[in-house]
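Engineer: These are the residues of each chain, in order.
There are 4 protein chains.
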Amino acid sequence: MDNKKIVLAYSGGLDTSVAIKWLQEQGYDVVACCLDVGEGKDLEFIKEKALKVGAVKSYVIDAKEEFANEFALAALQAHTLYEGKYPLVSALSRPLIAKKLVEVAEMENAVAVAHGCTGKGNDQVRFEVSIQALNPNLKVVAPVREWNWSREEEIQYAMDNNIPIPINLDSPYSIDQNLWGRSNECGVLEDPWAAPPEGAYELTASLEKTPDIHDMIEIGFENGVPVTLNDIPYTLTDLILELNQLAGKHGVGRIDHVENRLVGIKSREVYECPGAITLIQAHKELEDITLVKEVAHFKPVIEKKLTELIYEGLWFSPLKDALMAFIKQTQQTVTGTVRVKLFKGHAIVEGRKSDYSLYDEKLATYTASDEFDHSAAVGFISLWGLPTKVSSIVNQKKVTV
Amino acid sequence: MDNKKIVLAYSGGLDTSVAIKWLQEQGYDVVACCLDVGEGKDLEFIKEKALKVGAVKSYVIDAKEEFANEFALAALQAHTLYEGKYPLVSALSRPLIAKKLVEVAEMENAVAVAHGCTGKGNDQVRFEVSIQALNPNLKVVAPVREWNWSREEEIQYAMDNNIPIPINLDSPYSIDQNLWGRSNECGVLEDPWAAPPEGAYELTASLEKTPDIHDMIEIGFENGVPVTLNDIPYTLTDLILELNQLAGKHGVGRIDHVENRLVGIKSREVYECPGAITLIQAHKELEDITLVKEVAHFKPVIEKKLTELIYEGLWFSPLKDALMAFIKQTQQTVTGTVRVKLFKGHAIVEGRKSDYSLYDEKLATYTASDEFDHSAAVGFISLWGLPTKVSSIVNQKKVTV
Amino acid sequence: MDNKKIVLAYSGGLDTSVAIKWLQEQGYDVVACCLDVGEGKDLEFIKEKALKVGAVKSYVIDAKEEFANEFALAALQAHTLYEGKYPLVSALSRPLIAKKLVEVAEMENAVAVAHGCTGKGNDQVRFEVSIQALNPNLKVVAPVREWNWSREEEIQYAMDNNIPIPINLDSPYSIDQNLWGRSNECGVLEDPWAAPPEGAYELTASLEKTPDIHDMIEIGFENGVPVTLNDIPYTLTDLILELNQLAGKHGVGRIDHVENRLVGIKSREVYECPGAITLIQAHKELEDITLVKEVAHFKPVIEKKLTELIYEGLWFSPLKDALMAFIKQTQQTVTGTVRVKLFKGHAIVEGRKSDYSLYDEKLATYTASDEFDHSAAVGFISLWGLPTKVSSIVNQKKVTV
Amino acid sequence: MDNKKIVLAYSGGLDTSVAIKWLQEQGYDVVACCLDVGEGKDLEFIKEKALKVGAVKSYVIDAKEEFANEFALAALQAHTLYEGKYPLVSALSRPLIAKKLVEVAEMENAVAVAHGCTGKGNDQVRFEVSIQALNPNLKVVAPVREWNWSREEEIQYAMDNNIPIPINLDSPYSIDQNLWGRSNECGVLEDPWAAPPEGAYELTASLEKTPDIHDMIEIGFENGVPVTLNDIPYTLTDLILELNQLAGKHGVGRIDHVENRLVGIKSREVYECPGAITLIQAHKELEDITLVKEVAHFKPVIEKKLTELIYEGLWFSPLKDALMAFIKQTQQTVTGTVRVKLFKGHAIVEGRKSDYSLYDEKLATYTASDEFDHSAAVGFISLWGLPTKVSSIVNQKKVTV
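Protein chains in written order, with the working numbering: chain U, 1 to 401; chain Z, 1 to 401; chain F, 1 to 401; chain L, 1 to 401.
Heads up, some of the hints might be wrong.
Calculated cross-link-like contacts (lysine-lysine; reagent style DSS-like; alpha-carbon spacing at most 30 Å) [to be verified]: (1) Z:Lys85 / Z:Lys57; (2) F:Lys85 / L:Lys52; (3) F:Lys353 / F:Lys299; (4) L:Lys5 / F:Lys299; (5) Z:Lys139 / L:Lys209; (6) L:Lys362 / F:Lys284; (7) Z:Lys328 / L:Lys284; (8) L:Lys21 / F:Lys299; (9) Z:Lys85 / F:Lys299; (10) F:Lys353 / L:Lys85; (11) L:Lys85 / F:Lys249.
Chain L stretches covered by chain U per the calculated footprint, using a threshold of three residues with CB under 8 Å from any CB of chain U [what the hints assert, rightly or not]: (12) 185-195; (13) 371-381.
Short, incomplete list of chain Z residues facing chain L, as computed with Cβ under 10 Å [said to hold, decoys possible]: (14) Met107; (15) Asn260; (16) Leu262.
If you're looking for bench data, these hints aren't it; they were derived computationally from the structure.
Fair warning: this is a prediction, and the values are worked out from it, not measured in the lab.
Glycine included, C-beta positions come from ideal geometry on N, C-alpha and C.
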């Protein structure tokens with residue numbers, strides 16, 4: 001009689017390699033599943049390693065396009081910066097990985113899905129809520145959270161079971177990466193008074209080593225989607241990858257953040273998101289000329305909610321669909337070109353233009369071509385300030401502060 | 001019989017100098033009043049010029065301390081960045097100037113107050129709403145808005161009336177400055193596709209000319225107020241001025257913004273706020289370790305409202321007092337030190353520490369000293385995701401998208 | 001040579017009848033246009049009266065279906081109660097009337113549009129902003145605001161010009177009515193300490209005269225649209241009209257409101273909205289069982305913004321489209337039946353059911369069939385309260401309040 | 001050697017009586033603690049019963065004044081209606097009970113605190129988060145959640161241990177009550193299509209049995225605090241109790257609510273809050289005339305957040321203090337009198353007056369005494385609608401929907 005199957009989100013690292021063995025010991029046949037969301041790993045190597053360690057089957061799935069077009073694009077159009085800073089790198093990939101795990105589990109008639117998260121991070125929440133939303137019949141197993149070993153115990157177990165120990169095992173960092181950026185926590189970063197060491201960064205040059213000559217680029221948007229770089233058409237995936245290179249070279253997109261995790265603690269992380277930050281800045285500036293004032297002032301409310309929802313693992317909540325319906329509606333006229341100067345860690349928007357621009361030079365100018373009705377202001381001010389004025393008349397007589 | 005008195009907000013420039021004469025022709029005795037809010041003008045010269053042009057009296061009032069402690073401090077503690085970018089430079093000084101004008105008007109038994117704003121900017125609203133709130137009996141006169149002359153007509157009038165023409169008259173820019181920063185509009189800036197020319201800037205070095213060696217500073221805060229720089233006590237005024245120099249030298253705080261004015265148009269402005277931006281970044285990062293998650297996530301809602309309220313001229317609305325009561329309550333534990341690296345246009349917070357820090361290394365760590373209860377996550381996730389799960393169970397059977 | 005044409009929103013009352021003559025004197029040919037949005041007027045009489053008073057052409061347009069399906073439905077699905085109370089009666093019809101006026105103006109090659117509003121209400125804003133949004137080339141004329149006559153002067157002008165004086169001229173009230181309700185201001189209502197007299201009401205019975213036997217009704221919804229009453233299919237127009245009768249008989253939907261007008265003053269109005277209030281209550285209760293928690297808690301933010309936007313005359317702002325995209329997305333599962341008891345001024349929802357109900361008796365019950373995982377709560381509470389706990393540990397040692 | 005002490009929140013009912021014994025078996029000396037927050041129980045009987053069942057000490061604490069002045073008052077001034085309906089009855093008393101339990105525990109040198117909540121309600125969260133915030137050293141025990149017995153098992157245990165079985169044991173309801181109202185869940189109420197039976201209610205008359213003659217009352221407020229009823233001074237406690245009687249007689253304050261619990265499920269509850277609802281309505285209407293528009297439109301944002309925070313057990317979060325600082329600041333001018341008609345389930349505000357009223361009859365009137373500047377509207381509308389107008393001009397040419 002066959003064992004029950006479990007689909008494991010497999011990264012090729014120590015934790016998930018050990019998990020293959022550990023899950024076998026729990027009586028499962030392990031189907032390894034490695035998702036490529038743009039982290040630039042050697043996928044063939046990972047695929048083989050899973051089989052070598054004991055998986056009965058090993059999937060490698062290229063999900064870069066889906067990640068770019070559904071997840072990164074939402075993050076771009078909604079300027080999702082958690083607590084004003086973190087562009088949701090891992091928070092964006094988790095629901096997609098969960099979706100793919102569920103698809104594989106359903107194909108394979110698996111009874112369970114496993115992930116390699118610990119018990120104190122956000123990612124366990126994102127995985128498990130997503131998996132339950134997509135298929136509530138699937139059991140979720142979290143080996144690392146369950147075995148609760150020390151680092152030494154885990155290594156001992158690996159050696160006992162002939163599981164290859166990665167050579168960079170003594171790296172002090174815990175890293176996650178995808179198209180939208182790279183996150184890094186642990187080690188020396190746990191002291192919020194200490195500066196992150198250069199070794200914590202990989203995608204971006206340090207300011208001290210950036211070129212002394214800027215790059216000037218033009219990004220073209222259509223309906224809120226970046227579609228060209230310097231007038232050359234790009235897929236979104238390629239555009240992000242290209243900007244990661246180009247803006248990374250100039251040191252754009254380093255973020256050092258003490259953030260509030262969903263699980264109730266503060267943690268300090270560093271992120272590198274050269275492409276994401278460049279695109280968000282450019283997109284925001286194009287919106288500044290194409291969105292009408294009322295939309296421009298309310299969209300941030302939607303953005304903040306969507307950001308928190310995604311951070312908190314609720315990508316598959318119906319609320320995401322409703323928030324995105326709002327966002328999509330606003331993107332109809334976000335079409336135009338933005339000129340960005342990449343230099344010394346900055347993505348400086350120097351110019352923006354659009355056929356839908358609501359910036360009207362004839363209204364804005366102080367020159368002779370001014371078409372603004374200056375006298376209208378008198379009536380406007382009179383009514384605009386009326387509540388404050390009445391309040392002052394009434395309360396200056398009464399209230400003693 | 002005496003003429004009626006009017007108090008004029010006097011800057012020493014062409015517009016308000018011409019206004020002295022023009023108001024005289026309307027039958028007023030003009031009391032000039034020049035406020036020093038940190039723009040670094042030659043106040044004695046301005047005081048004399050007013051009298052020379054025809055004012056019956058000329059006041060110069062040093063309001064720097066009041067501006068720093070009541071207005072700039074509110075902006076700092078509430079991180080007031082209009083549309084995420086503009087630190088409310090002029091929007092902060094207008095209510096204070098209005099207050100001083102009203103005080104002088106009441107001392108002088110004046111019947112009216114005058115300002116030099118045109119009819120299409122925000123400042124006319126800020127002045128007039130503030131003045132009406134403080135003394136609804138005072139008439140407000142806006143000569144520039146009323147006379148509606150072309151530049152040539154105004155110069156002709158000035159020459160006809162022996163009013164000195166400033167030597168920088170052909171400057172293409174319209175500038176306002178105070179402790180909190182410098183704003184600049186007009187001229188070539190009216191084309192949002194054009195990059196701002198270097199001549200538009202004064203407080204900040206261009207990135208190309210910033211030093212190749214950074215400055216590292218430590219800013220000490222007590223209850224949300226910055227009180228020391230590199231362990232040396234400073235008044236807030238002096239601290240801002242010092243940081244304007246230091247951060248300005250490194251090119252920190254240049255902002256290029258197409259914004260939505262209260263009067264219904266979009267306009268493009270450039271701002272320089274080296275001290276303001278440095279302080280806001282440092283303060284925000286100190287809050288990141290000292291504010292509890294719920295406060296950290298809701299304070300931005302208050303900040304956004306307060307920012308818009310101030311931008312829109314409603315400083316003296318009772319809503320400001322209520323919003324500030326919230327802000328002040330949150331500042332009780334914002335005490336600590338922030339280390340900032342000033343370099344190549346960046347004010348990079350590299351370290352933050354506080355006796356009130358809620359960042360708990362023993363909870364956050366991935367090392368052996370970990371005190372976080374990993375098993376708690378299982379129950380948390382189960383309930384956190386329950387609504388999404390139930391929704392999926394119910395609706396996957398029913399909804400066809 | 002022909003006069004220029006103007007299209008006048010014509011109600012048949014004194015103001016707009018006088019306006020026909022007055023506009024003629026300004027040199028216009030007046031095209032009268034009367035919209036039927038469900039106020040139950042004698043439209044043929046109004047059509048003829050316009051011609052008799054001097055209009056060159058007289059339109060009567062039945063816009064009830066469009067009003068119900070686009071405007072009232074949005075108000076229902078978004079529970080638009082301004083300041084928590086007023087269901088936007090007139091605020092909803094103004095943009096539709098503006099739209100029809102513009103359509104007629106374009107058909108008739110008119111150069112202008114006119115409305116009968118005074119200068120201190122909200123409706124002038126709603127009309128004019130809407131008209132400008134739909135066709136910025138059309139001039140807007142507001143005769144009543146311009147002539148600025150006293151009541152006596154207006155009557156004298158009417159008599160001098162053979163304009164019929166309505167018999168109810170001495171009514172102390174100013175009334176507006178449509179499918180969604182009836183508003184009433186002025187007269188004795190201007191004293192907010194005085195109770196509204198019975199004569200101020202027309203659609204609803206006074207509580208003292210309501211039947212002593214309730215009516216029990218069932219309203220069926222599909223995707224947020226009410227489609228049946230007691231299992232009988234209804235168009236939305238007919239359903240609202242029927243409920244106005246039925247709920248009005250029971251005294252449902254009287255509202256007495258001191259509200260903040262857009263133009264800066266507070267005004268006191270009474271409203272009667274028996275159908276609207278009954279439908280909003282029923283719809284809200286159906287949402288209570290069909291919307292997932294996150295949607296249920298955020299939708300009110302959208303509702304509040306949409307309500308204020310409509311109240312403030314910005315129906316045709318792109319922000320409305322984005323907000324409605326959110327609302328529409330949430331209505332997909334708002335399908336089911338609500339049982340309402342109409343009695344003594346109440347529309348009491350006694351029962352609600354839906355195939356999409358997220359209320360799960362097996363999770364909610366305290367009986368033996370309970371499927372809720374009670375032990376999960378321990379972990380949930382531990383992490384939910386962690387920020388507060390850490391804050392207490394840190395700050396109880398430090399802060400002296 | 002002594003046992004460790006535990007302080008138990010004791011109600012006198014079966015669960016907490018059994019808990020005394022059960023906690024003894026875990027090795028604790030049990031200190032019973034019964035809080036009087038206005039539920040009208042026989043406190044002396046409860047005190048004795050605890051000792052009889054086995055408590056080593058039994059406290060009865062009258063916390064009515066503290067409950068009224070700190071908790072109910074906050075709920076009143078902030079109009080805290082969870083999901084627009086539930087006035088937070090139990091959610092308000094839990095943090096106060098927790099505070100008293102901690103105080104007793106500290107006096108008694110107890111090591112732990114216990115409560116009688118199950119694992120699926122909100123109250124366990126409110127108790128435990130509050131206790132941890134006030135004294136993180138105290139352990140929290142939840143006997144009912146831990147023993148996880150069926151009803152039959154619990155009764156058997158009680159009989160085996162000579163614990164008196166209450167006579168109303170077969171009541172289908174689970175009830176909680178305090179000054180601010182009464183909540184009831186379970187039994188037939190678990191079917192959201194069923195109407196609540198009359199037996200579910202106790203504080204309010206059914207509409208069918210309410211008097212046919214109304215009561216008219218006047219409530220006087222000072223700085224947001226209700227201080228008189230019909231001109232007679234009252235403490236807040238007595239005022240609420242009196243209104244519970246008076247408004248309850250007229251059937252005011254019945255609420256039937258399917259709500260989203262914090263622990264992820266929907267539950268259906270009925271509430272009776274005659275005093276609370278009457279006071280909230282009156283207070284809101286007084287605010288309608290005394291709060292300036294900007295405050296009136298933003299205070300609901302604060303109210304919603306505060307409501308959710310309290311519902312979710314975070315009374316002792318620093319966020320509550322900041323939100324209340326906002327609320328308190330707004331109450332300075334909420335002074336005046338409200339006339340309320342209690343009749344047929346309604347608390348109808350018929351009149352409101354205040355020395356701080358911002359309703360200005362001379363501005364609001366349509367009579368000859370009108371002081372509003374009608375011409376100001378023209379300029380106001382022109383600028384108010386400008387963004388929408390520009391957007392239309394630009395986009396009507398471009399966007400095809």
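Engineer: Which numbered hints turn out to be false for this structure?
Structural biologist: 1, 2, 4, 5, 6, 8, 12 and 14
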